[in-house]
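Peer 1: Turn these sequences into a full structure, and let the hints steer you where they fit.
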Amino acid sequence: MSYDKVAASAADAVADIPDGASLAVGGFGLAGIPGFLIDALLAQGAKNLTIVSNNCGVDGAGLGLLLENRRIDKVIASYIGENKEFGRQFLSGEVTVELTPQGTLAERMRAGGAGIGAFFTPTGVGTLVEEGGLPWRYNADGTVAEASPPKEVRTFNGKPMVLEEAIVTDYALIRAAVVDTAGNCRFHAAARNFNPPAAMAGRTTIVEAERVVEVGELGPDEIHLPGIFVQRILELTPEQASRKGIEKRTIRERPTVATV
1 MSYDKVAASA ADAVADIPDG ASLAVGGFGL AGIPGFLIDA LLAQGAKNLT
51 IVSNNCGVDG AGLGLLLENR RIDKVIASYI GENKEFGRQF LSGEVTVELT
101 PQGTLAERMR AGGAGIGAFF TPTGVGTLVE EGGLPWRYNA DGTVAEASPP
151 KEVRTFNGKP MVLEEAIVTD YALIRAAVVD TAGNCRFHAA ARNFNPPAAM
201 AGRTTIVEAE RVVEVGELGP DEIHLPGIFV QRILELTPEQ ASRKGIEKRT
251 IRERPTVATV
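Numbering (this note's numbering), first residue to last: 1 to 260.
Just so you know, not all the hints are guaranteed correct.
Said to hold, decoys possible - Ranges of calculated distance between the beta carbons of each label pair, as one might list FRET restraints:
no., residue 1, residue 2, range
1, P255, K159, 45 to 53 Å
2, E217, D73, 52 to 60 Å
3, N139, E217, 50 to 58 Å
4, P255, A118, 52 to 60 Å
5, E146, R88, 13 to 21 Å
6, A8, A145, 40 to 48 Å
7, A189, D39, 19 to 27 Å
8, G117, Q240, 34 to 42 Å
9, G216, P149, 45 to 53 Å
10, V213, K47, 31 to 39 Å
11, V213, K84, 21 to 29 Å
12, E217, G60, 45 to 53 Å
Derived by calculation from the structure, the hints in this document are not laboratory data.
The beta carbon of each residue, even a glycine, is placed where N, CA and C say it ideally should be.
Peer 2: Below, the structure written as structure tokens:
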């Protein structure tokens, strides 16, 4: 195993991602997203990308930047969320969107990394997930150009289940709190989200790390993702590591405290 996985720069880390590549991307909204790798990919110029991620960022941030610059051709995701441009491109026929139940999406990526070709799950039985017909791409006039196919159903222990195929992508972009030089990763709290399964799905996985340490500084129980799944590391500066977006800031007025 190589202990020299640290890239010289963000540009070097994503330099070989070609047009038409598929990428699994970690994060949930703006939590735990590999924002600096996404910025580098935007500057690099790769286009016609297929993105596998829980959602597609928000307007003006994260994967939303690639969308706005017309770099994405297809998205496999759980939901469109609050990204207005994502919804607009989908409904106008500019991007293909394969909506997948959230837990199913996580397992499809994990299964791809584990070498499992497909699996059966009860999620989606009796819906368009099973029956087919979910719009994947629209024509400009609003008619459906491409729809999901029906899926195989089998019964296990008396319960019907649909067959879901695993996902393997050309690359994966993830973010971790602490990474050692061999690629072993520790994630912080909810920022762990989709990062481990996304990392497993990628043939070449690139992690942006808030802090890089030497091998042995992470205890075995601290490692959430083994370094075998990581090929490149981008070490962030302290200033970069501290920059974390908030999707929606909600505040309330403090109650007035009576004084005596």
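Peer 1: Hint by hint, say whether it matches the structure.
Peer 2: Hint by hint, here is what the structure shows:
About 51 Å separates the C-beta atoms of P255 and K159, a value consistent with the hinted range of 45 to 53 Å. Distance hint check: the CB atoms of E217 and D73 are about 41 Å apart, inconsistent with the given range 52 to 60 Å. Look at N139 against E217: about 55 Å separates their beta carbons, and that is inside 50 to 58 Å. Between P255 and A118 the Cβ separation comes to about 55 Å, which falls inside the hinted range of 52 to 60 Å.
Distance hint check for E146 and R88: the Cβ-Cβ separation is about 18 Å, which falls inside the suggested range of 13 to 21 Å. Checked against the given bound of 40 to 48 Å, the beta carbons of A8 and A145, roughly 43 Å apart, stay inside it. Remark: the range hint 19 to 27 Å for A189 to D39 is upheld by a beta-carbon distance near 23 Å. Hint check: G117 to Q240, Cβ distance near 38 Å, so the stated range 34 to 42 Å holds.
For the hinted restraint 45 to 53 Å between G216 and P149, the CB-CB distance of approximately 49 Å keeps it satisfied. A C-beta distance of roughly 36 Å is found between V213 and K47, which places it inside the suggested range of 31 to 39 Å. At roughly 40 Å, the beta-carbon separation of V213 and K84 lies outside the given 21 to 29 Å, and the hint is violated. The given range of 45 to 53 Å is broken by E217 and G60, whose C-beta atoms sit roughly 36 Å from each other.
When the structure is compared with the earlier hints, violations turn up for hints 2, 11, 12 and for no others.
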